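Novice: Got chain A; can you put chain B on it based on the hints?
Same order as they appear, the protein sequences are chains A and B.
As numbered in our numbering, the first sequence has no gaps in its residue numbers, which increase by one up to the final residue, 70.
As numbered in our numbering, the second sequence has no gaps in its residue numbers, which increase by one up to the final residue, 221.
Quick caveat, the hints were computed from the structure, so don't treat them as lab data.
Each pair of labels, with its calculated beta carbon distance range:
1) I61/A - L126/B: 28 to 34 Å
2) D163/B - I4/A: 36 to 42 Å
3) I42/A - G219/B: 39 to 45 Å
4) K32/A - K65/B: 54 to 60 Å
5) I61/A - A27/B: 49 to 55 Å
6) I42/A - P24/B: 21 to 27 Å
7) L49/A - D132/B: 38 to 44 Å
8) I130/B - G31/A: 54 to 60 Å
9) Y34/A - V162/B: 41 to 47 Å
Keep in mind it's a predicted model, so treat the numbers as computed, not measured.
Here a beta-carbon is modelled for each residue, glycine too, at the ideal position from N, C-alpha and C.
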Amino acid sequence: MAFILLIFFSATLSAQNSEPVEMADLFYREGKIYLVIAIVSIVFGGMALYLFLMDRKITRIEKKINDKYV
Amino acid sequence: MKNWWKILGVLLVLYSIIGGFLIPVPAVNRVSESIRNLYFHVPMWFAMIVLATISVIYSVIALSKSSEDADIKSSQSASAAIPFALIGLITGSIWAKFTWGNFWTNDPKLNGVAASLLIYLAYFVLRSSIADEQKKARISSIYNIFAYVMMIVFILIIPRFVDSLHPGNGGNMAFGKYDLDNNMRTVFYPACIGWILMGVWFTEIRVRTEKLKRKYLYGND
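Isolated chain A (complex conformation):
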């Protein structure tokens, strides 16, 4: 009976990956992730701002051309 139980438990254990997956826990604990977030946000935010300025420039050209050709 004990032998059957032992086989049963060892079968469930073998289905698991026993080595822990290495994540960047130390990096996060040191708070360095906020630097990464800040940089990526600034890069993207800067590009979004540029896009917005280009959009506005086109709007002004559209107004000008519509006045001229309408």
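Specialist: This is chain B only, laid out in the frame that chain A set:
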């Protein structure tokens, strides 16, 4: 304010950047923290497919109504889809180097995307080879429809039938291999919507610029 959706797109992407790095992710073997690439690599493809779909819909409209406006929207949305495809390929390639060991593998989805990209680039070559605007619109719209069908077959249908390393193949589209947990969904879905809105914004700017160009060159006709 009629540009609310543009600001929403920017905010959603910004949220996906912040949440993408802060919100905890499941610890998956070999992929580790790079699973966060999901928030940036995959939305590129969703945006590309949405833009290609917009393009083919306007192609059909351009054919049925002989509409120059629809042709402009069709060609410019296809143009806007290309950078998403390129960035998707580059980010996927770098991710593959880290997780699969190679920048490129003989994988059906990768090859399918490369083939679809070439098919759409041929669409632009076709357009530039025809001088007359109406003929250009008609012929390239027909080609666009075929290009779209081929793309759907290559990247959405065939990969499902073939074994591959690529997450999502062999199971459902929702990246089953990575166990997309509920935490990741809270970042992933807004990221997709945000980048789709950004792609539509790119398209809108291209459409407006093209219309201005035509008005300037041909006058108000």
